[in-house]
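Enquirer: For chain A, the structure is supplied; the task is to place chain B on it using the hints.
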Amino acid sequence: MNRDFCAFLDTWLDDWLAGRLPADVARGIDAHVEVCERCRRLVGVVRNADTTSDIEDEDPDLIASVLGRTTGSPCGQAEGLLPALVDDQLDADTADLLRDHLSHCDGCARLLAVLEESRLVLPALAELQAPPALVARVLAATSRREERSPFVEWWFRVLARPRASLEIAYVATVLIVALLGNPVSAFQEARERAGQLAASAPVAQLRGQLPDAVQAAGTIGRALSGLAAAANAVVDEISARWRQVRSLLDAIERAVGNAFDWLASVDLAQTIRDVEQALRPRAEPAPAGQPQRR
Amino acid sequence: MELAALLSRCRQGDDLAWEAFVRQYQRRLYSLATCYAMDPDDARDLAQDVFVRLYQTRRQWPDETAFLPWMIRVARNVCLDKVRARKVRPPATDVVADEMLDLVATTGDPDQDYVASSRRHLFYRALRKLTALSREMIFLKEIQGLQVEEIAGMLKIPTGTVKSRSNRARLELARAVLAMQAAGGDQPGPDRRPVKGPLP
Chain A
52 MNRDFCAFLD
62 TWLDDWLAGR
72 LPADVARGID
82 AHVEVCERCR
92 RLVGVVRNAD
102 TTSDIEDEDP
112 DLIASVLGRT
122 TGSPCGQAEG
132 LLPALVDDQL
142 DADTADLLRD
152 HLSHCDGCAR
162 LLAVLEESRL
172 VLPALAELQA
182 PPALVARVLA
192 ATSRREERSP
202 FVEWWFRVLA
212 RPRASLEIAY
222 VATVLIVALL
232 GNPVSAFQEA
242 RERAGQLAAS
252 APVAQLRGQL
262 PDAVQAAGTI
272 GRALSGLAAA
282 ANAVVDEISA
292 RWRQVRSLLD
302 AIERAVGNAF
312 DWLASVDLAQ
322 TIRDVEQALR
332 PRAEPAPAGQ
342 PQRR
Chain B
335 MELAALLSRC
345 RQGDDLAWEA
355 FVRQYQRRLY
365 SLATCYAMDP
375 DDARDLAQDV
385 FVRLYQTRRQ
395 WPDETAFLPW
405 MIRVARNVCL
415 DKVRARKVRP
425 PATDVVADEM
435 LDLVATTGDP
445 DQDYVASSRR
455 HLFYRALRKL
465 TALSREMIFL
475 KEIQGLQVEE
485 IAGMLKIPTG
495 TVKSRSNRAR
505 LELARAVLAM
515 QAAGGDQPGP
525 DRRPVKGPLP
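Residue numbers (this note's numbering), protein chains in the order written: chain A, 52 to 345; chain B, 335 to 534.
Extracted from the complex, chain B is given alone in its bound form:
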C-alpha cells in the first residue's frame, strides 16, 4: 500500500492500517530511539512511547511528502522528554552498542554480509563514542537522511550551523573509527560468520 493511502487510513482510525504502519516503521524508529537510549530495553520503551504519541496525534499527521521529517521530529521530542524525565544521559559503551545493534540490510551473500556487518558494527560502536550533539547530528543527517533545512527547522538553528556541526561530527566519527581500527577495534572478535542465511 502506498504511504499516502496508509496515512489516510490511519488518520481515519483503521486498526489494520495502524498495525501495518507500526510494522513498516518499527525498525526506523527503533534505530532513532537507540540514539537516545541507554540499553535495548530503554530503546524499545522509547520506540513504544514514540508510536503511542504518533497514534495520539494521528489526526494531525501531515501529507506523505512532509511526513518523514515530521515523524522524526516528533520522535526526537518524545525521546528527549523521556530522557530528561529519567535524568539519564546516552551512554557510550561498546557492550550496550553491540547488544543493541542488529542490522537489517543484507546482500544475500554471507561473506559479503560478514564484511559489511563488521564495518557497520565498527561504525556503530564509533558512533556511540561521539558526543551527544555529534551523534544526534549524524543520526539525523547521515543516517535518517534529513535535509539541512529540515534539521535546521527541527533544532531551531541556522542552516550554516547545521552544516558546520555536521561536518565536525563526520570528522569526529572518522577519527573515532580510525582510533578503533588502530586499537584493533575493527576485529569482529569470535568468528560469528554465518554459513548461510541472514546476519546474526
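Extracted from the complex, chain A is given alone in its bound form:
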C-alpha cells in the first residue's frame, strides 16, 4: 500500500469520482485502487454514500484510518456530551449521533454506564451515619449555653475569621498612624544632628580610642555568645519540661471531658434515687416466735 498515494486519493477523491481530473492522473488512481484494499473500500463507501444502510460489514480499521486522517477520534466530543445525554438535554439529532457512536465505542459506553449509575448512587450519599456523640455534643454546645449579646457574638465571629490577626494588625497600624502621626518623622532631622555630633570633641576622642574599644567589644561578644549558648541549653531544658507538663494537662483535660460526657449521659435523678434506696435503713425481721415490736 502506497501511503502517499492513499493520502493523494483522500484529497482528490471527489474530483476523481466526478471525472474532473486529467486522464493520466485518473489512470494512476485507477491503478492504485486496483491494488489498494483500503482505497477500494473507501471508494466503495463513498460511491454508496446514499445507501450506507446497505453496508453490513464495517471495517473498524478503515474507519479509524479515515477518522485519523480527518477529524481524529470523536471520543473527546462524545464524552463531553455524555452528561447531557444522561440528563436528556440533547436535541434528537445529536442524541442519535451520540448513540450511534456509543454502539461502536466500548470506552464511551462504559463511561455512560457509570454516569447513569451515578444518578442512582450519589443521592444515597446525602446522609451518612453521624457519630453517636454528635447530637449530645451539639446540644451541650448550644441549648445549655448562655445567650451572648449580639456585639459579643459579632466579636467572636470576627475573631474566628481566618485572617483576623492580620486584619486587626492592619487596623491597629492605621489607628497608630492616625493618632500619633508618622513615626518616621522623628528621624527627618537625624542626618543634620549626626553631622554635628561627629564634629564634636568627645566623638574625636572616641575615634582615637576606637581600636581598643573594638578589641574589648570582641572579648565581650565572645563572652556574650558563651552566655547565649548556656541560656539556649536552659531554654531547651525548660521547653522539654513544658512539653511534658502540656501532655499531662492534655491528658487531664481529656479525662475531665470524658467524665463530663459520662455525667451528661447519666440519669442523675435515677442515680440519686438508687443511692437513697441503697442507703435507706431496712427494718430487721423479727426473730421467729417473738411478736414484732410496734
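Each hint should be verified, as a subset may be incorrect.
Examples of chain A residues toward chain B, derived with CB under 7 Å [stated by the list, open to error]:
hint	residue
1	161
2	172
3	176
4	189
5	190
6	213
Calculated Cβ distances over 12 Å to all of chain B for the following chain A residues [unchecked claim]:
hint	residue
7	71
8	94
9	150
10	249
Stretch-level coverage of chain B by chain A, calculated; a stretch enters the list once three of its residues show a Cβ under 8 Å from a Cβ in chain A [what the hints assert, rightly or not]:
hint	stretch
11	342 to 356
12	364 to 374
13	382 to 394
14	408 to 419
15	453 to 464
16	475 to 481
17	500 to 508
Honestly, the hints are just simulated from the structure, not real lab data. Think of the CB as a built atom: it goes at the ideal place given N, C-alpha and C, for glycine as much as any other residue.
Expert: Relative to chain A, chain B alone:
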C-alpha cells in the same frame, strides 16, 4: 412534625424542637462536612460547628422553602472558614474514606444492601480522589440535590459555569470509578456481608 413548624419553634428558642432539628439533619450535615474534613473526628467537629452557627443564627432562618439551600450555604461557609483557619486541605485517602463512610440507606434485603453498599463505597472512594473543586460540585449538585441557580448564587459564578463544572466533575468521577474498577478497587475486600439486619 412538619418542617415549617419545626423551624418556627426553633426560632422561638424551643430546646426540644432544636434537639429534633439536630437529630433530623445530623446525617445530612455530617455528610456535607466529610466533603471538607480530613478524618471522621474532623468531620464531626465541623458538623458540630455548623450546628452551633445555625443555632446562633436561628432567628434569621428563612422559610422552609428556602431553608435547605440556605443551610447548606451556611454549612459550606463554616467548613471553609474552619478548614482555612486550620490550614489543611481535604485529603484523598482510601482508608479515611472507608472509615468515614457509614451509609444509612438500606433496602432491607441484606444481599441487595451488600451489592448497593459496595457500589456506594466505590463511588465514595472515587469521590475522594477528585479535585476539591470537582468534589464540592458533586456534593452540592448530585448528592445534596441543589439546583444550578442555587449553586451559582452560593459560589457567585454564572449558571453556565456551574453546568460546565458539574459536567466535568461527573466525567472525572466516572473516569475515577472506571480506573478503580480496572485496578480491582470495586472488590469489597474481606467478606463483611451481614447475614441479617442493617449494613455495617
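Enquirer: Evaluate each hint against the coordinates.
Expert: Outcome of the hint check:
no.	hint	result
1	161	holds, 6 Å
2	172	holds, 5 Å
3	176	holds, 5 Å
4	189	holds, 4 Å
5	190	holds, 6 Å
6	213	holds, 4 Å
7	71	holds, 45 Å
8	94	holds, 38 Å
9	150	holds, 17 Å
10	249	holds, 50 Å
11	342 to 356	holds (count 4)
12	364 to 374	holds (count 4)
13	382 to 394	holds (count 5)
14	408 to 419	holds (count 3)
15	453 to 464	holds (count 5)
16	475 to 481	holds (count 4)
17	500 to 508	holds (count 6)
When the structure is compared with the earlier hints, no violation turns up for any of them.
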